[in-house]
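Q: Next come the chains, spelled out residue by residue.
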Amino acid sequence: MKLLYFAWLRTRIGVAGEDLPRPPEVCDVASLLAWLGTRGPGYAAALSDPALVRVAVNQVYARADHPVVDTDEVALFPPVTGG
Amino acid sequence: MKLLYFAWLRTRIGVAGEDLPRPPEVCDVASLLAWLGTRGPGYAAALSDPALVRVAVNQVYARADHPVVDTDEVALFPPVTGG
Amino acid sequence: MSVRVQAEDFDVGAELEAMGRSDGGIGAVVSFVGLVRDGAAGAPLLALELEHYPGMTERQLEAAEAEALRRWRLHGCLIVHRFGRLAPGDRIVLVVTASAHRGDAFAACQFLIDWLKTRAPFWKLEETTAESRWVEARAEDEAAVAGWGAAPVV
Amino acid sequence: MSVRVQAEDFDVGAELEAMGRSDGGIGAVVSFVGLVRDGAAGAPLLALELEHYPGMTERQLEAAEAEALRRWRLHGCLIVHRFGRLAPGDRIVLVVTASAHRGDAFAACQFLIDWLKTRAPFWKLEETTAESRWVEARAEDEAAVAGWGAAPVV
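Protein chains in written order, with the numbering used here: chain A, 1 to 83; chain B, 1 to 83; chain C, 1 to 154; chain D, 1 to 154.
Source of the hints: derived by calculation from the structure; they are not laboratory data.
The C-beta atom is built at its ideal place from N, Cα and C for all residues, glycine as well.
One thing to keep in mind: the hints can contain errors.
Stated by the list, open to error - Covered stretches of chain D, as calculated for chain A (at least 3 residues, CB under 8 Å):
(1) 7-14
(2) 101-113
(3) 123-132
To be verified - Stretch-level coverage of chain C by chain B, calculated; a stretch enters the list once three of its residues show a Cβ under 8 Å from a Cβ in chain B:
(4) 12-23
(5) 68-80
(6) 97-107
(7) 129-137
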């Protein structure tokens, strides 16, 4: 999976993106977030409030039950503030 | 009274404005319009549909019962179409 | 906060730039530009003659601006309206509003043009290849201004 | 009908002029310009850093434009959004809509900026004399886009 992080999710996790092999227990957005939260204190801090985490799979907003496969680009970011 | 006519009220009456002595029976907008309608076929044609005549006394929109005195500037015009 | 009634064209970019720079608290600038539209009359439009009532026009536009300032939190407001002979595609009117957040600027801009269309003493004479015709008022315009709770014109 | 995401500033006057001239049936051009506002943060603002998600941004803005074209009778539509480092008073975003009558252009312009504020992946980092702080989303913005019946972002 290609993972991308933006805004304060990026600064808390410490990288703008990474390529990670998908573990077998990760099959959708919810299980991806749960797994990422165990990867270290930066991840845990970034993902501590699920209400503040938006997810896009292949550049389209995705809900918790949206499937995630090896070839996906998954982006995590806070609520947007453009305009 | 100073009278001003605009748009098709002006073209039907045939002048852009005129100074007319106020006859004794003209005391408000309604009686002014009734009197003007008797002044000739152009006036009668211009004022034939009261729903299409707007009146301003001293540059402020006025209703039928608004008083009219000798020193007033009274403008007659159709519904506006600017913008 | 100003109102201009003029024969000359106006520079929309310069007006918007000036408005945006006038106050550091401005986050939103909304503008409306009205253009001479071809296709409204049956035959091709040659020109539009805009007649107005000097004096009353300015009073009406200033009253509209005062009402907008009373209703919304505005950092700036401008109305420019042309009169005289215009060609298809020419600019007729510009309304610009500025506020901290966009809600006030949008509402005020729409209110001002709705008011202007039904209260400001301008009349359009369309000259087409077939005839010269006074444009009739649109019922939708009266409905639009009524939506703001503005008193009807008798 | 176009969408641009760029670091460079844009020329509002030129964009509005081009839009107005693109089609003889246009009678109304509405624009929204968003500016970097000082005074939102507690301390004086030095700069605003606009981060975005290249690729997804364009997709979201194009989706918003397609939705506006579906809902209203538009003769033209333009969205320009900047990214990178901006100073107080700088232009951030331009939305322009054009239609025969003003109702469509006003509604579409407001819809587009409401959508953009809540859907387009941009994030603002405010640098003040005191700190650097990520701007928080405004509940009013989500309420505004919900008013158009747009599906919520989970």
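Q: Each of the hints needs a verdict: does it hold here or not?
A: Here is what the structure says about each hint:
A stretch counts as covered by a chain when three or more of its residues have a beta carbon under 8 Å from one of that chain; for the region 7-14 of chain D and chain A the count is 0, and the coverage is violated. Under the rule that three or more residues need a Cβ within less than 8 Å of chain A, the assignment of the region 101-113 of chain D is violated, with 1 such residues. With 3 residues bearing a CB less than 8 Å from a CB of chain A, the region 123-132 of chain D meets the requirement of three and the coverage assertion stands. Here the region 12-23 of chain C counts 0 residues with a CB under 8 Å from a CB of chain B, which misses the bar of 3, and the coverage is violated.
Counting residues of the region 68-80 of chain C whose C-beta lies closer than 8 Å to any C-beta of chain B gives 0; at least three are required, and the coverage claim is violated. Coverage of the region 97-107 of chain C by chain B is violated. Counting CB-CB distances below 8 Å, 0 residues qualify, and the rule asks for three or more. Here the region 129-137 of chain C counts 4 residues with a CB under 8 Å from a CB of chain B, which clears the bar of 3, and the coverage holds.
Violated hints, in rising order: 1, 2, 4, 5 and 6; the structure is consistent with all others.
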